[in-house]
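Trainee: Sequences listed follow chains A and B, in order. When we follow our numbering, the leftmost residue of the first sequence carries the number 1, and every step to the right adds one. When we follow our numbering, the leftmost residue of the second sequence carries the number 1, and every step to the right adds one.
Wrong hints could be hidden among the right ones.
Label-pair ranges, simulated between beta-carbon atoms [stated by the list, open to error]: (1) A:PRO126 x B:PRO181: 33 to 43 Å; (2) B:VAL78 x A:HIS305: 23 to 33 Å; (3) A:LYS202 x B:SER265: 51 to 61 Å; (4) A:ALA195 x B:GLN207: 18 to 28 Å.
Calculated cross-link-like contacts (lysine-lysine; reagent style DSS-like; alpha-carbon spacing at most 30 Å) [as the list claims (entries may be wrong)]: (5) B:LYS357 x A:LYS345; (6) B:LYS223 x B:LYS32; (7) B:LYS363 x A:LYS345; (8) B:LYS260 x B:LYS183; (9) A:LYS183 x A:LYS223; (10) B:LYS86 x A:LYS363; (11) B:LYS363 x A:LYS86; (12) A:LYS86 x B:LYS326; (13) A:LYS295 x A:LYS357; (14) A:LYS124 x B:LYS202; (15) A:LYS86 x B:LYS357; (16) B:LYS295 x B:LYS260; (17) B:LYS124 x A:LYS202; (18) B:LYS86 x A:LYS326; (19) B:LYS357 x B:LYS86; (20) A:LYS357 x B:LYS345; (21) B:LYS345 x B:LYS357; (22) A:LYS32 x A:LYS124; (23) B:LYS124 x B:LYS3; (24) A:LYS326 x B:LYS345; (25) B:LYS86 x A:LYS86; (26) B:LYS213 x B:LYS223; (27) A:LYS345 x B:LYS86; (28) B:LYS202 x A:LYS202; (29) B:LYS86 x B:LYS124; (30) A:LYS86 x B:LYS345; (31) B:LYS326 x A:LYS345; (32) B:LYS345 x A:LYS345; (33) B:LYS124 x A:LYS124; (34) A:LYS363 x B:LYS345; (35) B:LYS326 x B:LYS345; (36) A:LYS3 x A:LYS124; (37) A:LYS357 x B:LYS86.
Think of the hints as simulated: they come from the structure by calculation, not from any bench. Just so we're clear, the structure is a prediction, and the values are computed from it rather than from any experiment. Cβ coordinates follow ideal geometry from the N, Cα and C atoms, glycine included.
Protein chains: 2
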Amino acid sequence: MNKILEIHEADSDVVVQSGVRWDDLNHALAEKGIPLFFPLDPGPGATIGGMISTGCSGTNAVRYGTAKGELFLNITVVLPNGEVIKTRRRARKSSAGFDVTKLFIGAEGTLGIVTEATLRLVPKLPTSVAVAQFPDVSSAVSAVTEILQSPMGSHIQCVELLDTNMMEAINFSGLSERNYPVKDSLFLKFQGSPASILETSKLSHFQSARNAKESEELWNHRKIALWSSIAWMNDDRTRAWTTDVCVPPSALPTLVGESKADLDSNGIKHTIVGHCGDGNFHAILMFRDDEELEKVRGAVHRMVHQALELDGTCTGEHGVGVGKTKYLSEELGEGTVELMRTVKKAVDPLNLFNPGKLYPDPKTER
Amino acid sequence: MNKILEIHEADSDVVVQSGVRWDDLNHALAEKGIPLFFPLDPGPGATIGGMISTGCSGTNAVRYGTAKGELFLNITVVLPNGEVIKTRRRARKSSAGFDVTKLFIGAEGTLGIVTEATLRLVPKLPTSVAVAQFPDVSSAVSAVTEILQSPMGSHIQCVELLDTNMMEAINFSGLSERNYPVKDSLFLKFQGSPASILETSKLSHFQSARNAKESEELWNHRKIALWSSIAWMNDDRTRAWTTDVCVPPSALPTLVGESKADLDSNGIKHTIVGHCGDGNFHAILMFRDDEELEKVRGAVHRMVHQALELDGTCTGEHGVGVGKTKYLSEELGEGTVELMRTVKKAVDPLNLFNPGKLYPDPKTER
Numbered sequence: 001m002n003k004i005l006e007i008h009e010a011d012s013d014v015v016v017q018s019g020v021r022w023d024d025l026n027h028a029l030a031e032k033g034i035p036l037f038f039p040l041d042p043g044p045g046a047t048i049g050g051m052i053s054t055g056c057s058g059t060n061a062v063r064y065g066t067a068k069g070e071l072f073l074n075i076t077v078v079l080p081n082g083e084v085i086k087t088r089r090r091a092r093k094s095s096a097g098f099d100v101t102k103l104f105i106g107a108e109g110t111l112g113i114v115t116e117a118t119l120r121l122v123p124k125l126p127t128s129v130a131v132a133q134f135p136d137v138s139s140a141v142s143a144v145t146e147i148l149q150s151p152m153g154s155h156i157q158c159v160e161l162l163d164t165n166m167m168e169a170i171n172f173s174g175l176s177e178r179n180y181p182v183k184d185s186l187f188l189k190f191q192g193s194p195a196s197i198l199e200t201s202k203l204s205h206f207q208s209a210r211n212a213k214e215s216e217e218l219w220n221h222r223k224i225a226l227w228s229s230i231a232w233m234n235d236d237r238t239r240a241w242t243t244d245v246c247v248p249p250s251a252l253p254t255l256v257g258e259s260k261a262d263l264d265s266n267g268i269k270h271t272i273v274g275h276c277g278d279g280n281f282h283a284i285l286m287f288r289d290d291e292e293l294e295k296v297r298g299a300v301h302r303m304v305h306q307a308l309e310l311d312g313t314c315t316g317e318h319g320v321g322v323g324k325t326k327y328l329s330e331e332l333g334e335g336t337v338e339l340m341r342t343v344k345k346a347v348d349p350l351n352l353f354n355p356g357k358l359y360p361d362p363k364t365e366r
Numbered sequence: 001m002n003k004i005l006e007i008h009e010a011d012s013d014v015v016v017q018s019g020v021r022w023d024d025l026n027h028a029l030a031e032k033g034i035p036l037f038f039p040l041d042p043g044p045g046a047t048i049g050g051m052i053s054t055g056c057s058g059t060n061a062v063r064y065g066t067a068k069g070e071l072f073l074n075i076t077v078v079l080p081n082g083e084v085i086k087t088r089r090r091a092r093k094s095s096a097g098f099d100v101t102k103l104f105i106g107a108e109g110t111l112g113i114v115t116e117a118t119l120r121l122v123p124k125l126p127t128s129v130a131v132a133q134f135p136d137v138s139s140a141v142s143a144v145t146e147i148l149q150s151p152m153g154s155h156i157q158c159v160e161l162l163d164t165n166m167m168e169a170i171n172f173s174g175l176s177e178r179n180y181p182v183k184d185s186l187f188l189k190f191q192g193s194p195a196s197i198l199e200t201s202k203l204s205h206f207q208s209a210r211n212a213k214e215s216e217e218l219w220n221h222r223k224i225a226l227w228s229s230i231a232w233m234n235d236d237r238t239r240a241w242t243t244d245v246c247v248p249p250s251a252l253p254t255l256v257g258e259s260k261a262d263l264d265s266n267g268i269k270h271t272i273v274g275h276c277g278d279g280n281f282h283a284i285l286m287f288r289d290d291e292e293l294e295k296v297r298g299a300v301h302r303m304v305h306q307a308l309e310l311d312g313t314c315t316g317e318h319g320v321g322v323g324k325t326k327y328l329s330e331e332l333g334e335g336t337v338e339l340m341r342t343v344k345k346a347v348d349p350l351n352l353f354n355p356g357k358l359y360p361d362p363k364t365e366r
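Throw the hints in and build the complete structure from the sequences for me.
Mentor: And the structure:
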């Protein structure tokens, strides 16, 4: 299930089996000298099937959208009744009814088993990375909104927020030879023609990489967030609970501020890294024993509730699984959850596929 | 039902009732001095509710995606059982299950009645228009692929193909004071920072507008395609059948070439205008009486079949309605159509909402 089946360079698309990993696909394209890539970039090693089922995204989503957008042209699915269907053809656009593909994106395997997918690729463009420090999260988010709504906004491929703790962890980890200022920081990746990249380097506040090597180095420091966080604890027993929530972008400073205050007051060591352009952030919460685990559990619960109060979602890109089913009715409303159950019952009347996941059980719901 | 309910400038979104027209919304935003707009641009006067129900797109789709992408953050829907639901919250991203919003996009009112929607807005950027002539459609499409896959590609907001007939019609109509070369032509709209716009003006082949006024003028000539086509006939009895199909972009020259040959050999006067970056085109087929109408009907049928043979769709953005239900099983496969019917039956067991539309009747299917 890990074969690349067809590459259509002129159409910027590719047909793959669902076990293909996104990073392997991009390496394979690069090796063949094809100047295109698949822009969804969740954790390294994620497979296309998993990415479809969780409705993932990643750092490039601010430019290219998420799995729920238009990057999956069609998928081949085994339905619970044994039927094998292909949801659409290879045209980029279609108005031939509602898009059945979308039923399976984010359904966490409860409606069908994905076996193949046709993916949109995008051109590899010159990129450049820049870093900036801010006095607080609020100033960082304001700066992002301002850039995104300016002509420079069309050049932003990624815009990542790393909080003071995360910067301290990266310094501590020894995984970077730099010593960053321990401040709320933005890591931006710009893309575009050489002249436009040059323009972005004039943005005030930002220190731009001077060359491709430095860009890669800076971006690597963003990418080692999880490992740095654990290294920072300097303790073999440390484990990490990673969670994610997403709110309208302007509410991000409120949510990050309140969450950090709550975590600090409960003595929970944590780092935060956010897909700031979309109002989405990950909290990495460290614990060493069951007592600390319980504290972390409580903090995640409060963070989700606060996200919902701010018109947000209990998960921006990680999915529901078992742990977050209890938030769905509050987030979506009972009518919407009931509609999801109606679809599930119609497609999988015997509840064969991934039972217990995603849909809250009406009997045990809070 | 035509009220703008909330404008969230810092979040780049807006909440509207479903009777709001996209062009009125953009005028209202401009009047308030808000530097954002809603990029879906089907025919002028289209309402948000209709745009959701047909799964529309338009000239900006090559940059911002279609209605099936991520421009609708959530919608409020009245279900056939009388329940009123809101599909999601206002966060830009969510992995809280499959996106129920998408069930209603392109469902042509068969699953629910949309009453409100939260729309993503995008920044208004400086733009510039350029025009180029090509010896044939194939060279034009190759040029588009080349630009789209180059660093300039990130600056393309629209790329429209107008065939020789369409250029002749525009010249004839008197709606333009220019006299264009009667050749297969591309109209491109670039966006970005001033420096990047300047760069695009150096593209070989293309004649760039020298200023904003000229850009607007050129773009208007693209926008008068339908009226010009009818004026071209110079005959009060003329009516037009507009249809659209979509194929993988590299198959567009084949489809346009074969379709034009078929139309010519049947004596059907026609013009073609295409959203060339996405492999989508509209054919405007003229007829004056029932006999010509029947010829047109036959030509549309052959055009759809040819699109399906090329791994395309019977409709890129117009929808299925009644006329194209008969192509759905061939395009999507019987299993996929049956899944659509299963969802329809589960959500609307009494078949109350828009009966007869979209889903092919298994009894009368070819």
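Trainee: Which hints from the list above does the structure break, by number from lowest to highest?
Mentor: Per hint list: zero violations.
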